[in-house]
Amino acid sequence: MLYRTAGQFKTSYKADQALFPVRQDAILLMIILAFAWVIFPLTASEFAFQTLLIPIMIYALAALGLNILTGYAGQLSLGTAAFMGVGAYACYKMVTLMPWMNPILAILLSGVFSAGVGVAFGIPSLRIKGFYLAIATLAAQFFLVWLFEKWAWLYNYNASGAIQVPNLEIFGLYVAGPQASSVTQYFVVLGIVTLLTLLCINLTRGNLGRTWKATRDMDIAAELIGINLMKSKLTAFAVSSYIVGVAGALFVFMWRGAAEPNLFDIPLSFRILFIAIIGGLGSILGNYLGAILIVGLPVVLGTVPAALGIPVSSAMIEHLNIMIVGSLIIFFLIIEPHGLARLWALIREKLILWPFPH
Amino acid sequence: MLNEIFIKPFADMVAAPDFLMQVLWEGLVSGILYALIALGFVLIFRSSRIFNFAQGIMVVFAALTLVGLYEMGVPAWICVLLTLGVMFVLAVVIERVVLRPLVGQPDIILFMATIGITLFLIGLGEIIFGGENEVMITEELGIPTGDTVLEPFGGLLILQHLDITVVVVATLLVIALLAFLNYTQMGRAIRALGDDHQAALSVGISLQTVWVLVWFIAGIIALVTGIAWGARAGVSFALEVIAYKALPVLMLGGLESITGAIIGGLMIGILEKLFEIYWGQPLLGGNTETWFAFVLALIVLLFRPQGLFGERIIERV
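Protein chains in written order, with my numbering: chain L, 1 to 358; chain S, 1 to 317.
By construction, these hints were calculated from the structure, which means they are not laboratory data. Keep in mind that a hint or two might mislead.
[To be verified] Computed footprint of chain S on chain L, listed as stretches where at least three residues anywhere in the stretch have a Cβ under 8 Å from a Cβ of chain S:
| no. | region |
| --- | --- |
| 1 | 11-21 |
| 2 | 117-131 |
| 3 | 161-174 |
| 4 | 273-287 |
| 5 | 311-322 |
Just so you know, these numbers come straight off a predicted model, no measurement behind them. Ideal Cβ placement from N, Cα and C applies to all residues, glycine included.
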């Protein structure tokens, strides 16, 4: 009823291929953006910013990066966290070596470094496929985390071996470090996430995106119709690692405030892979749905027992959390292997046809 | 610099052959454990194309169950039997609840499901057994703990009895498994399912039975590795990393190959010890064992994309 598409005629190919062929999609997106840009900043509490809004955005961005590689180009990667680490450390080195640099520029540039590393570790994908490639990306994961630990130059020879975000300002407003306010950080994150999401939507609709999808669906066939596999796979690694690197820089600079090498260890990689898979591989929207579920669920689970008045220790809650996340992953895989984005697509389909079944 | 990389390590090896033998021996012991875990992976992968990420947590879970039961006052050997029972129940539950509804899904979905199982078992294990470090009941199981000192080349070579036991037991287990796979009806069914699912189904091999069986075998392997590794390093969730060590073994040997798992495991166990002692510690600041095996496997894969013993990948359009 709300989604009735009757009367929206397409009279040209251009209109048919538009970003939002259905008007209601655009309206829905407007409402979501209005919430994100206006209503949340006005109403959210400090707690909500720090435990929900900012991490959801950052995790969704990282998952988006992974989704470009795994969902669109079909190259399974288990090294996401290490590439986030490259972004974070690159950003840290830039702002400490060049303190006059605009921090937002530094964050955006830090992705370039992780893109470079990503391409280097992507080269084996030209020969290795499937699970072999997935394990090969683990080489990046373990090697880079080891490097973060041993290469003291990266963390400016700190005794603690961790990186600490300094106070950074733009035009007299603190955007990172202990003095920055959550609202400012939220807007920085939201701005970058919105920008990169828009970029990704258009990339995946365009020429490059179509070569990625062809590579994913069957790389030999793609090669036969004239797609340069090397270009397609390496650009996917580059774009994916760029986004993941920026997400890593945001992760440390806008949310955590400090980072140790083991923060970028394999559990983080898996977390992002869960978000991408539960959200739906090969979809942009899915990353956000997945991030809301994976980040939001522990917060909700943490408040439920207290609200019901059941005394449960915090360690117990954490363990229950892991168990529930594990079972939810299996549950979602069983009911909808294509993820939450597919569920939404089915609901939307039903809404368009409602009240008729077919 | 070149001297330090190319000459000095070898000179050190020749200068102290007893130390070299000690390094090789330790590499062999961990190598055989890697091989054992990799074998669990390979069996499951061959029979169901599932890349079983839960193997590592199964090791922890088996070891924790064993120790937990013993602490409740059950005699050691009955603990082992009961733990085997638990692993069997686990195999049945996994097959029934997780795998059966996911038959025919893409590989990555099944892989994710095993990560889901991993998380579930971590949570469950911590709730039941607590997160503390436990001590493996080595002596109670009758595993010798002393050591033998040999003196080859006028030096010292210390062989822990525990390590000797591990090598012997693991070798026997590998031989038993190979015999089971090659000479029994069930074993042949497992291999048949690995070769061709539909052909195997059409001659009446039950998919469900075989799956439960391979997961149970993986459980037995997990228990043995858990005892062996737990006796050396204590029983905790940190044991889970041992699963990551088996992954490069799989790459090196090939995902489908049983021989590959064994040879790959031994190779990686020995080479990573050698690299760590002679190159990693003096030149790179140590702790290279976390990544060396992966990088080695990566380099091998660049030349042989299916691993050393894997099935040749034939692609058709």
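Where does the structure disagree with the numbered hints, that is, which hint numbers, in rising order?
Numbers 1, 3, in rising order.
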